[in-house]
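Assemble the whole structure, with the sequences as input and the hints as a guide.
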Amino acid sequence: MALTFRANAIPLAKRPVRETDRVYSVLTEDRGKLELLARGSRKIVSKLAGEMEQIGVLDIFIARGRAFDHLAGAAALKSFPLIRASLPRLLAALAAAAFLDRAVKPAFGDPALFNLLREYLETVASAPERSVPDSALTPAFFWKLFVRLGFRPDLEKCVRCRKDVAGGECSWTSHHGGVVCRSCRAELALADAAPISRDTLTALNFFISSPLEECSRFFPSPPLSLSVKALTAAWSQRHLELPAIGV
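Residues in the sequence shown are numbered consecutively from 250, following my numbering.
If you are wondering where the hints come from, they were derived from the structure by calculation, not from laboratory data. Careful, some of the hints might be misleading.
Under the rule of at most 27 Å between Cα atoms (straight-line distance), these lysine-lysine pairs were calculated in the DSS-like manner [as the list claims (entries may be wrong)]:
{"id": "1", "residue 1": "327", "residue 2": "354"}
{"id": "2", "residue 1": "406", "residue 2": "478"}
{"id": "3", "residue 1": "478", "residue 2": "354"}
{"id": "4", "residue 1": "354", "residue 2": "263"}
{"id": "5", "residue 1": "327", "residue 2": "263"}
Cβ pair distances, simulated, as ranges [as the list claims (entries may be wrong)]:
{"id": "6", "residue 1": "413", "residue 2": "326", "range": "42 to 48 Å"}
{"id": "7", "residue 1": "417", "residue 2": "337", "range": "35 to 41 Å"}
{"id": "8", "residue 1": "368", "residue 2": "325", "range": "14 to 20 Å"}
{"id": "9", "residue 1": "262", "residue 2": "334", "range": "17 to 23 Å"}
Glycine included, each C-beta is placed from N, C-alpha and C at the ideal position.
Shown next, in the form of structure tokens:
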């Protein structure tokens with residue numbers, strides 16, 4: 250086994266260790282989430298800390314250790330200065346990174362997760378500033394992430410009887426995994442089931458299937474936005490036991 254290796258990575262979070270060290274959580278392209286010890290990175294003169302504070306894609310150098318692998322070096326591959334220069338963009342990027350850090354287990358290797366976060370950062374940086382808090386960009390990121398983590402909702406067939414609910418009256422239940430038809434809801438007396446509009450179901454389908462850049466150009470009406478935020482929060486809490494901060 251190699252004693253050192255390199256990886257493309259996006260920083261997610263950090264925490265202090267001892268007086269001058271930090272542990273960085275990073276999402277890598279090929280090895281999933283890694284937690285790496287960076288010695289001396291809390292020192293003011295630390296060049297490594299400067300690189301790791303960036304929001305972007307890094308080329309990192311890793312040395313294997315006993316308790317922790319060590320972060321030996323980092324160089325920027327792609328940075329996003331427009332994110333740092335805008336509070337709405339910065340808050341969106343930090344919230345996405347923090348959520349991924351809590352939602353993804355270490356060494357859960359999935360290049361699609363890395364690509365999703367990179368695409369989100371690229372879209373946050375390039376979209377008009379008002380698109381970041383007001384468009385469907387962030388909700389779409391969360392729903393794509395839910396699907397990637399194995400929590401795809403049923404949006405077209407009743408979760409109980411599997412009948413097609415297209416065009417018919419239906420309700421939503423996060424606990425059971427999506428839409429439930431009128432008759433099944435009555436039979437089961439589901440406590441968390443609530444009516445869901447056709448517009449909301451269409452929006453969720455759009456979020457899951459469309460590129461993030463396209464989602465950044467869709468601005469939901471205030472009622473639709475509130476409905477989507479409530480469903481996103483409920484889904485995240487039920488399936489990941491995490492608040493969907495920043496939606």
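Hints, verified against the model:
Between residue 327 and residue 354 the CA atoms are separated by roughly 25 Å; this keeps the pair inside 27 Å, and the hint holds. For the suggested pair residue 406 and residue 478, the alpha carbons sit about 22 Å apart, so the restraint of at most 27 Å is met. Taken as a hint, the residue 478 and residue 354 pair is honoured in the structure, with Cα atoms around 25 Å apart against an allowance of 27 Å. As the CA atoms of residue 354 and residue 263 are separated by approximately 15 Å, the hinted pair is consistent with the 27 Å bound.
Proximity of residue 327 to residue 263 is assessed by CA-CA distance (about 20 Å); at most 27 Å being required, the pair is judged to hold. A hinted range of 42 to 48 Å for the beta carbons of residue 413 and residue 326 is consistent with their spacing of about 46 Å. For residue 417 and residue 337, the Cβ-Cβ distance of about 39 Å falls inside the hinted range of 35 to 41 Å, so the restraint holds. The hinted range of 14 to 20 Å is satisfied by residue 368 and residue 325, whose Cβ atoms lie roughly 18 Å apart.
Checking the proposed 17 to 23 Å range against residue 262 and residue 334 shows it holds: the Cβ atoms sit about 22 Å from each other.
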